[in-house]
Each structure stands twice: as structure tokens, then as C-alpha cells.
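S.K.: Residues per chain are reported as follows:
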Amino acid sequence: MGDAVSALGIAAQALEIVAALALAPLLAGWVGQCRAWLQNRKGPGLLQPYRTLHKLFNKDSVVAAHASPLFRTAPYVIFGCMTLACGIVPTLSTDLPLSPAADAIALVGLFALARVFAALAAMDIGTAFGSLGARREMLIGFLAEPALLMVFFTAALISDSTSLTTIVRTLAAREIGIQPSLALAAVALVMVALAENARVPVDNPATHLELTMVHEALILEYSGRHLALVEWAAALKLFAYACIGMALFAPWGVARAHAPLALLLALPVLVAKLAAAGCALALLETLSAKMRIFRVPEFLGMAFLLAVIAMLVRILLGAGPQ
Amino acid sequence: MTGLTQQLVNLFAALLLLLAFAMLAQRRILSLIHLYTLQGAVLAAAATIMGYATRQPHLFVSAGMTLALKVILIPWLLHGVISRLNVRWDVEMLINVPTTLIVGIVLVIFAFYLAAPISEVSTSIARGTLGIALACVLLSFMMMITRSKAVPQVIGFLAMENGLFFAATAATYGMPMVVELGIALDVLVGILILGVFLFQIREQFDTLDIRHLEKLKDE
Amino acid sequence: MSAGPQLVALLALCAAWLAIGVAGLAALHRFHIVARVLFPAGGAVALAVVAAALPAVWGAPEMAVLPLGLPGLPFHFRLDGLSALFLLVLGGAAAGVSLFSAGYFRQSEGTAPGLLCLQYHVFLAAMALVILADDAYAFMVMWETMALASFFLVTSNHRIAEIRRAGYLYLLIAHVGALGILLCFGVLQANTGDYSFANMRAQHLSPFWASVAFLLALGGFGAKAGLVPLHVWLPEAHPAAPSPVSALMSGVMLKTAVYGFLRVAYDLLPAQLWWWGVVVLALGLASAVFGVVFAAAQSDMKRLLAWSSIENIGLIFAGIGLSILFAAYGMRAVAALALTAALYHVASHAFFKSLLFVGTGAVLHATSERSLGKLGGLMRVMPWVGWATLLGVLASAGLPPLGGFVSEWLLLQSFLFTPGLPNSFLNMLVPVVAAVIALVAALAGYVMVKFYGVIFLGQHREDKLAQAHDAGPWERLGMAWLVAGCVALGLFPAQVIDILAPVTQLLVGASLAQADGGSWLLVPVSVERASYGPLIFFAGVAASFGLAYVLVRRLYHGRLRRAAPWDCGFPWQTARMQDTAEGFGQPVRQIFEPLYRMRRELPSAFDARPRYAVEVGDHFWYWLYLPLARLVDGAARAIGTLQRGRIAIYLLYSFATVIAVLLWVTR
Amino acid sequence: MGALFFLLALPLAGSIVLALAGDRRYAPETNIAFSTGTFLAAAALTVRVIAAGPLTALDREFFIDALNVFLVALTAFVALTTAIFSRPYMRVEREHGRMNARRLRLYHSMYQLFSFTMLLALTTNNMGFLWVAMEAATLTTVLLVSVYRTAASLEAAWKYFILCGVGIAQALFGTVLLYMAAERAGGGAEGALLWTHLDAVKTSLDPRIMALAFAFLFVGYGTKVGLVPVHNWLPDAHAEGPTPVSAVLSGLLLNVALYAVLRCKVLTDGALGPGLAGQMMMAFGLLSVVVAAFFLSRQRDVKRMFAYSSIEHMGLITFAFGVGGPVATFAGLLHMTVHSLIKSAIFFAVGHAAQHAGTQVMSEIRGLVRANPTVGWGLMLGTLAILGMPPFGVFASEFLILTTTMREQPWATPLLLAALGVAFASVFQRVQPMVFGETALKPLPHPPALLPVFVHLGLGLMLGLYIPPYLEGWYREAARMVAG
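Residue numbers (this note's numbering), protein chains in the order written: chain E, 12 to 333; chain F, 8 to 226; chain P, 412 to 1078; chain S, 162 to 645.
FYI, nobody ran anything at the bench for these hints, they're computed from the structure. One or more of the hints may lead you astray.
As the list claims (entries may be wrong) - Reference listing, derived: stretches of chain S covered by chain F, where coverage requires no fewer than 3 residues with Cβ under 8 Å from a Cβ of chain F:
(1) 315-325
(2) 450-460
(3) 557-564
Said to hold, decoys possible - Residues of chain E placed beyond 10 Å of chain P at every Cβ, according to the derived structure:
(4) Ala117
(5) Glu186
(6) Met302
Heads up, the beta-carbon is just placed ideally off N, CA and C, and yes, glycines get one too.
Between the sequences and the hints, there should be enough to build the whole structure, so can you do that?
M.R.: Pasting the structure below:
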């Protein structure tokens, strides 16, 4: 753990996790609200996600007759992974005791672990929807994961390390300039985020139409507290992706080590950046229409290509400012 | 004195070569057997002359054995087989006679080319005859290849035996006695077995044509 | 030559294995003795091998000469770091598999249990002796005995025609590979006539002959490991063998091929050329992609695992190729990192692949069904096997807390250093190769979800599955050992790296300096650069899992009700409505269409009995193996005309030979 | 001297006794008894030669040294085991009606006479007598090949007699030339053909005559070894005769013929230097290995296939002797021994397999392991051994041959390896379904005596892993003698 784990570090880590848990449903609500405005309707309100979570936690959990214990443990595993993911990505400060435990590749592995457990849980029930959803989720997964990894590699090549805190520190310290490899990586990350979080071009989060749903099909059988945890984890995932985007491409405002004051300042900066990200996402969703499931491989293939070209550009142009 | 025996041995060698060619071109089985008997006689004569000229007693013994075996016993056996199997008909040839003769001549030339370096080094009085002996062997080999009937093939085999015997007597005044006896015994047993085979083939295929013996192949 | 204590102990243990085999032959039909006494004894010997090999990793190399073998070349044996590591892998996996097979072999009517026990233990002893062999003759004898023993095990129930065919193909390619290796040793001894490895190490071959030896070794050992052009036997042979044997073949026998290749590439050949690394890297990647893409299209569980073995072997060879590339350019530290990644994957693949094959063995015994189309919902009736195989699946998919992820992590880290290569063309290669590795790892996850989901989850696709019984006590013990292996490899990478360090030091001259990571953090170079702490990682996930579980129970409630699954208004839900194995593989088949040789049979609209069938073939089989077979057959037919049957022709041959020889002699 | 006398007298006496009482109930037992006697005599002779070195007998007419004593021991041993094997085999054949009393008598007497001629050929010192013995060996077996009186066996016997007769005739011409060269070198009239005398004076033999003599001798005895251009009689003869005859022909007669070629090679090397003879043997050997390997995949009859395998192995041994040098010659001798042991074991198993199926066509023999496990496993292990799979001895000798070829003649190695690979593929593809799989074979009326098979395989296995020191010294001495 290198230097002694500073009290401030632990505080920053705890604050970051609590902020993530608290702000994630808010971000989801905010995106829903923005979409409502863009479609000039009133929308269910900012705190609607919290109300649904509270309602679901109170309801009994109805489980299929022959579901195996795996079905009941999966939500907890998924929720655990997502909280750890948010704990790792440096949103508020770069002095995080948890960060040496997992670098960028481990983060991608964490998302993969959550995805595998969700798919297995969906297949456990043995109905057509669950297995269909699992197949589509894994299809999107095995194309998005390498693209995300390539995005992280581009950043790693620039900052010569795969540890997220080091990446943020080096990227924040660079002067602002036109950096083509990072720009390409950003576009790739946005496309991957859309696919992973089941946003419109790839999958519609609101619908339950069998033919089109991917993420919803996975959690079709859940109810009560299990559904609450899964919904919360989905929100956390969206939050984590947003934080990754900001950490790589807008790293300013993240507190250094031993700077308690900066820590307090970082929170409002984070909220502002999340609001902007939410608006951008809502705008993107209203502008694009949902794709047929077999267009998704081309879409993600494009993202994968962009990420690889980003790395190639980084290596070819050598140690220049890019 | 040696000049005469030298001429006589060369005469017998020439006779042997002529007989080998004759057997190669012969169509009828009976005359084939007569030619073989004649060859045996010439061999015996050559052996006696060699024995007389080099005063080697064992050559007389081998000449006597040749006479008994190759002039009397084997032709008698062959006649017996021929009459028992009433085989009188002509002998088909796989290749027509003129081409066989031309190939025969080429073989003789090749035999002499081979034997040339050895004959001028050899000290025996019948130096030149080694080439002829080799030619006889190759011609009888040729005869076995071109015949499509079992009996002519057997006679070809025996003619080759004659050629070898003449080579032994001509080049080295005959092999040691014990070896001569062994060879004669082997030839005799060989003939008996071939006779048995001829009867079996006749009984199995009721013809002596070898073209029926072609089923064992790996096409 | 003074034989060190460890080596003498190991040779004694191999003799013990042979003794157990012979004892099995003695108790040919007495099933209980074989199953309950001999196989566990084999497992115990395997554990003893682990105990004996562990100290040898750090110890100095030990030599021994046995009076057996050829007069001029008695059997030499040598135990150094590399051999010790592979013996550890062999002992560990064999212990678990032997315990499992103690419970697995039933009174089936296949070959007599005693014969199976003999072949099994000769197989183990031969593998161990291959790893210890120190001269070409001993190596070749043990190598082919291993191939022979495994051939008899593969064809143990030889009444099925296609098992015989698989056995034949396996032994043929193994033998051809062995001939290649023999040729390689022939080149390595460089006309000195002394075939001991010690002499080969002292030889300095010209770059040309060194490359010839290297390529022969790659061909020979690649044939046994299942690298792409020579891999066709693996998906046939492994499924044909009884499951514990497939576990050993996939888990350990493929690793003896990796051991052989490392021994030739690093130990016997003093210097490496850079293009060797590129060739191995290319073959490794091709094998990885081919393996995983074909695994996704399989509908037989053991064939799926066999193809996944090809993928993992591809990753291992990619790691080795990278390390050769770095070693050729003198970047010792990074070469050590890539080699550590490859060796780590050797160990973790041995454990999780054995666990998976052993799991399929338990399923096969319970249901006597191998095709994925007839399984499903076994989690409920076979919980032990279900959870153990789940762990194997997570490790095989390369998911974080377990062993598969660590080797993948190390491999990807070593890719990040390649831009340091002087050769600009290779630098461009980096993103492409890294992308392919990432894609393969992700696809492996896809394949494993398909494998686990279709077998253990969902509803019973056949009603006889409800009577399936869980694994017996011995089988559980074996699986527990393998699970422990996977978890240990996953959670304690720093300790495993300490074991690998002397081996990479021996081969590449450098090892992963455990900088300041302490005992529970894996830090290849420095903390800033990259670090991975599986214990903290696992603790993090577990903590949030536990907190969520407790808080939800405390703040709200834990009530649970059972009901029928959601049927969207269609009451007649049947098990056939679940996703089939072919269905689950369909997206991959669609995306990677050109890699397959597919033949589809689609029903037309007017079919009375519509039938849909897809048959996935292998390009190599059609473009490489069938033309070769036709070539040999044509040559044989041409030569066959030599024996036409006519005596005149034969006499002509004899005549022509005499004339020819006479001409030759007198020219 | 006594051992040599008994070695030759016993089989001769045996053949006479069995000629009279060959069809009695105890004929097979007497056959075994005589063979055992011969083996004991051979063992005594071997011990004496190892202890006291080479010996000559009967005023130098017989000469025993390290080279031919190991062949004598091998011949006597395999003749004994074949006699043991033929006892139940012949009883079953009689049960199936293929052998009647008269044929049995012929078989037993000719069997003993055949082993007499081989032992005579091995021990004689006189090259002329070597020729006579070889011719006699052909004569004794030609009747046995046609004993079943089928059209195929008759054809095989006819071809065997004519082709070998022509071949042996060439050898006679070679012996005549040898005798001529010996006389020129100033030998006494009767001593000229003695090998020991020739060996002593070989450097002063006229090179031109010796070259021509070796040409004829090599083609003559090469026909008996079955080298490729003159091999055509071998598959027919070995496949059509009764199995004990095939085993002895394949196992022993080929070795004796190659022994004769070796004797001539030693003389020619002395006269002309190692070049000519070595190159010729290498060329014919390599040709045999490659062509025979490709023949294997065309076969439908199991004994024909293993006959071709014999051609391939004899080609490999000839190639090894052609390469020359102590190691290659040692490997050639070792390969000769192991090939005889394993090939005769295979023929024993194949014999019973054919009796089970009633035919020798491979597609009708299925699932031997289930019908008769000992025959099945015997055939499988024998086939794997003959194909050069370690840990059997054939691999040890092939390893040595290949490694010396890599050093001496690197160009030949890929050819050899390709041929061995193709041979492995073809033979194993045919044998595996015969041994494994479902079975429809009828059980045998009498239990087969398969002890010889596993004794041979055991010896083959031993030679693969550990060559006892006295055996190694024996081979090295023979190799030194041949390689000069």
C-alpha cells in the first residue's frame, strides 16, 4: 500500500462510495427527466428512482418455483461488483486505498464478472426470455469488453501505467491540446457505454417488448428486494461509466493526496460534470433510434476499431503531445 | 598340344552359344528338349577335354556326372512329363522371334563387354569362354521371360544351369568336388519338384499356360 | 554423477506409479481393489510428487544416470527449476483427478478396470519421466510411451467406431510429431553423435541450423499441444477418452508439450532470433481465435472443452512467443513478465480444465448423456458438481478473483511494454495483437456461460435428468482439491510468482522483482505502473455483498414466495423453449462465418417434415489433411502397379536389375 | 566341436524320423523335442564361442565367429518357439480339414530339414556350400508354400521357385567368379572357397573380378532378402503358406540371406574399399523401405501386409549395413534380432486370428480383443512394436539407425522418416479395427498356445529398455568384424 494508508485516504474512499450509492439513482432520474423535457412531457420527477427502490425493498420477493440458489445470490454479487467498481474509479480523489487492489484491466474484469452472473441468473429460470436475454447480453458483452479494454490501453500508453489513479494524475497534469488518440478513445467509450448500459441505440431501458429487450430480459424474473438491488446496480453501472468517461477525458477537479479542502470542492464539481453528462446522454438517446439486434455487432465493431486506431495513432505518432 | 585343346574348347563354347540361340528361337517343345540334351553333351565333352588338357581327375568325374544327369536322366524325365501331360502343341511366345534374336545379340555383346577385362587377366586356357558362358546365362534368362508356358520356362531354367556349369569349368577348371556334388544334387531335386508342380498346375488349371497364374496382385 | 535426494525421490515415485499399474494388472477384474485402493494410492503418490518437486524449484539442478537404455547412451535424468515447476503442475492436477477417478470408474463393461488402472498409471509415470528426461533417447522413449498409454486410454471403450477413428488419428499425429522431434534432436546434436542434453547445450549452431531445429521443435511439440494446423486430433481424442483421462490429457499432457518446447527453445538453443517469437506469437493467436470460435459452435460438452483447450494453449504459446521476441531484443525483464504469464496460465489451465472435465465426467455418469441438447437444470439435482463446475467456469472465463484472470492480466500487461521494441513494424503489431487477446478472453467468457447455462441451469430438457444423482464422496474430494487449486492460484498470485521466479531466471535470466507489493499484492514492476490485489478485491466484493444482505434483512425483510415463472400469457411452457446450445452459439457463428466450413440444411416451405441441421466443419481438414491423404493414396496406387501379378514382368525386373547393377559396377 | 555336430545332426535326424512318422499322434511333440535339442546345442555353441572366441571345425569346413553364432542362436530359438506354436495351430488346421496326414508328414519333415539347411548355411565356411545350403532352403520351403493346394498357393509356390531359382543362379555365377578371383590370388585348389582363407587374402583379390562377383552375389542373395526390384515373390510366398512357415520364412530365412550378403560385403570391402558395396546396399535398402511403405496401404490380406512390412524392415537393415561404421552395424544386428522376434510373434497372432475368422482378408477380422484377448493384445502390441513405437526394441535400433544416418547421410533422413510415417499410418489403420470393435468371430476348437508370442514381445521390450552387457559385447564384436 506504499505509504501508510492516510486517514484522509480512507475518508475519501468512504465518501466516494457513499456519493456513488447516493448519486447513482439521482443520475438515472436526471437522465429520465431530461428525456421527458426533450420529448416535451413532464416526466416522473427526479426522485422517482428512490421511490421505486423503496417500494421494491418493501415488497416480498417472488422467485420461480425451480430457481436454484444461484438465482437468489446473483443480485447481491452484481450489486457488490458495481459498488466496488465505483469505489475504484477515482471520481473525488486520487488517494484511494482501494486503487492498488485493481487497475483498469481488473475493472473490465469486474464488469465481466457482473455480466456473467446476470446472464447465468437469467438462464437459471429456463424460460425463453431469460435465455434469449442472456445470449444477447453475452453477445454485446464479448464485443464491448475488448473495446473498453482498448480504450483503457490507449490511456495507459499515454500515462505509461494501467493504475487508474496514476492515469488520472498524468492526464490531469497535461496541458489541454488537440489529442487525436484521446478523442477517438472518447468516441469509442461513449459507444461502449451506450451498449453496456442498455441505452437506446442498442437497447431500450424502458421497454419490455420481448423482441427488442436485452437488459430487461435478464432481470425479468426478479422482484422485490432482488429487483431493487439489480436496478440499483444498473444505476451504479451507468454512474461508473460516466465517472470513467470523466476520469479519462475530463480529469480536472479531482483532489490530490493530502488536500482535505480540495476533497470538499471535488464533490460539487463531480455533480456538475454528472449533470452535463446526463443531459448529453438524454440528447443522444432522443436523437437516435433503436437498432436491430444484428446491427449491434457492426456498431460495436466500429467502437472496437476506433479504440484500436486510437492506440495505433498513439504509437505511430510517437511521444508527441497527442 | 594345348593349341588343339584351346581350339576344341573354343569350338565347344561357340557350339554352346549357337545352341542357346537355337533354343531361344525354337517353337516346338520336343525339339527344345533335344537341343537341351545336345547342350548337355557339348558340356560333357568340354569338361572331358579340359580334364584331359589340365590333368585334373575331378573334371572327368564332373563330366561323367553331367553326362548322366543332363544327357540321360533329365531329358528322360522331361519326355515322361511331356507324354504323360500329352503336351505336343507349339510354344507361343510373348514377343515374336526376330525381336528376341536381336535382343539376344545385344545381350551377347553386353556379356563380352563385361567379360573383356576379366578374360585378359585370367590364366586358364579357356579365357575367352567366360564371356560366352555369361552370354548363355543371359540368353536363357531371356528365354524364361519370353515363354508363356510352364515347360519351356523350366527348360530355360535348366539351360541357365548349363551356362553356369560351363562358366565354372571354363573359368576355374570346375568347382571343388564337394560343391559340384551339392550343385548337382540341388539341380536334381529342383527338377523333381518342378515336375511335381507341373502335374499340380495341370490338375488345378488343366492347362500349363502361365497366364492363369496372375491372380496374386496389388493393383 | 551424484543423484540429488529430490531426483531419487521423484524417480522412486515414478516407479511407485508403475508398481500401482502392475498391481492393477494383477487385480484385473477385482473392481473394488482397483477403484478404492489403487487409484487413491495413485493420488497419494501424486501428492508426494508435489512435495518432492517443490523444494527443487529453488534448489540446484540434480543429475542421475540409470543403467537402462542404449549401450552408448544410458538414461540420463535431470531435475532443474523448469522440470520441478511442471512436475508440480502434473502432481497437483493428477492428485485431484486420481481421487476423482477412484469414485468415477464404475463396473462398466468397457475394458477391465485393472487394465485401465495399468494404462492410467503408466501414462502418469511416462509424463513425469518425460519432464525429467535429460537425453534424446530417454525423452523419445518416454514421450512415445506417454502417447501409447494415452492412446489405449482414449480407445478404452473401443466398441464405438468413431472412438476408434479418433484414437487412430490421435496416435498417427502424435507419432508424426515424435518423428519431427527426433529430427530436431538430430539437428541439435550437431554431428557430435552424443545425444545427451548436456552436450546439446554446449553446441553453438549456426543461425540457419538453429532455426531449422527451432521450427522442427515447434512442429513436433505443436502437434502434441494442438497448435492450429496440427490440432484436428484434439477435438476428436479428448471427448472419446473417459472423463478423468480427458482431464489429464487436457490439463497435463498438453503441458508436457509446452515443457518440451520451452526446454528446446530456451535451454538447448543458447540464443533466440526475433522472428522465432513472431512465428510462435502468430501460431498462438491463430490457435486461440480458432479454438474459442469453434468452442462457441459446439453442441457436445466435451468437444467444447477440447476446443477451449486449444484456445488456452494458443494463449500460452502467444505468451511464450512474446517472451522469445523480448529475449531476442535483450529486454530481459519484460521477457520474464511474458514468460511468467505463460507459465501462470499453464498452472491455472491445468487446474480449471481438469475441474471442468471432471465435472462433465460426473454429469456424464449421472445422465450418460454428452450432447448439450439433452441436458439442463442439473444444478438442482447435482448441487456439489454444479457449484464446483461454476468455479471452474469462472476461472476458465478469466474472471477476476480466480486464477484465469491473473495470467490474462500478466499477458495484457506484457503487451503494454511492446512499444519499447526497436523494430517499428512490431510496434504497429501491438494494438492488433492486444485486441485479439482481449477479444479471445471475452469470447471465452461467452463460451463458458453457454457451457454452464445449458448444462446446469434452466429446466430438464429430458425427464430422466430428474433422477440424476450427485457425485460420490471420492469424486467430491477430487473436485474439492481442484477447486482449492483454482482458488489458491487466484487469490495468492504473489506466492505463485515466487515459485515461478527461479524458473524465469533460469530460462530468460531475469524474474519479476516483487518490488514493494508485500505478500498480498501482485506488482510486476512498480505500484504506480500496475498492481492487482485479489485478496482486497475479493474482500471488497464480499464486504458489499454481506453489507447489502444484512442491511436489506435489517431495514426491510427477508420474506420469499415461490410462484410459477412469468409466461407472458402463454400457458404451455415446455423445456424445449429454452435456448439450445446451437442457438446460444448462433451469434458467434454469424459473426465469424468465414472461419467455419458450414453446411446448412434448411427446410423449404413445402416440407412435410421440415428438418433444420447445421454441420460445422474445419477448414484445415479439407484444405490440408484430405489432400495429403489423397496424395499418399495416389502414390500407393502408382507403386501398386509394380506388383501386377505376371511372372514374366517379375523376371524382367530381375533381369533389368542384374543389368543395371553390372553397369553400375563396371563404369 | 560336439555342440556343432549335435547342432547339425539333430535337425537332419529329426527330418528323417519325421519323414517316416510325421503323421503320428506325437509328431508335433517330436518336432518340438528335436527343435529343443537343436536350441540347446546352439546355446552350448554360443557359450563356447563367447568364452573361447571364433572356432573352426572339420578341417576348416565349418567356421563360427561372433557374427554367425548370434544368428545361429536366434534361428534355433525362433525355430523352437515356432514349433511350439505350430502344435495347436496344426491341430486346428487338421480340425478345419486343411491338413491331412500326408501333408502333416511333409510339413514336419520339411520343417526340420529347413532348419538344418539354415543352420548349415550359417555355420559353413565354404562359400560354395553356403550357396548349396541357400538353394536347399528354397527347395524345402517351396513344397510347404503350396501345401494347401489352392490355386493361389500353387501360383505363389511357382513364382517363389522360379524367381528364387533365377536369383540363386546369379549368386552361383558370383561364387564362380569369387572362386576364380581366389585362385588367381594363389589359393590352394580346395582351400580357395573357404571364407577364412578368402578373408585372410582379401586385400590381394583382383578388384575388377571382385566387383563383378559382388554384383552377381548381391543381386542373387538380394533376391532371397527381398530387396525391392526383386522382391515380387516374397508377399505371395509368405502369405500363402501355413502360418508357421510364413513366420519362419519372414523371421529367419531373410536374415540368413542377409548374412550371406554380409559375408560377401566383408570380402568386397577388403578388395575394393568400402565405397561400392556400401553405396549399393544403401541404394537398394532405401528403395525397399520407401516402396514397401507405400505398398502397405494397398493390402487386403493380413499376411501379405506383414510380408511387405518384412521387406521394409529388411530394407532398413540393409541400409544400416550400407551406412557402415560400428554404430550403424550394431544397430543393424540389433534390428535383425528384434525384427525376427517381433515379426514371428505377429505371425503367430495373425495365424490364430485367421483361424478365428476363417479367412485372411482383414475386413472380415473384427474385434479380436473381445473374441480372444490374448490373440488380440498379442497382435496389437506386436504391431505397435514392429511399427517402431518405444519402449520396444525396434525403436531402439531405429533410433540408432536414424541418428547415424543424420550424421553420415543427412539427405536420407527425411526419406526414411516419411516412409516410416506412411507405413505407421497404413498398417495401424488396418490393424486397429481388427483388434478393437464388435466381433463376430467363432471360438477356436483348441486353445492356442500363445506363450511364444508374449515371450517374444517380452524379449523385444527388454531389448528396448536394457541391453544386457554380454549381449552388447557380442554385438559389438560382430559389428567390429563386419565393419572392419
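S.K.: Confirm or reject each hint.
M.R.: How the hints compare with the structure:
no., hint, result
1, 315-325, "holds (count 8)"
2, 450-460, "holds (count 3)"
3, 557-564, "violated (count 0)"
4, Ala117, "violated (5 Å)"
5, Glu186, "holds (21 Å)"
6, Met302, "holds (15 Å)"
In summary, the structure is inconsistent with hints 3, 4 from the numbered list given earlier, while agreeing with the others.
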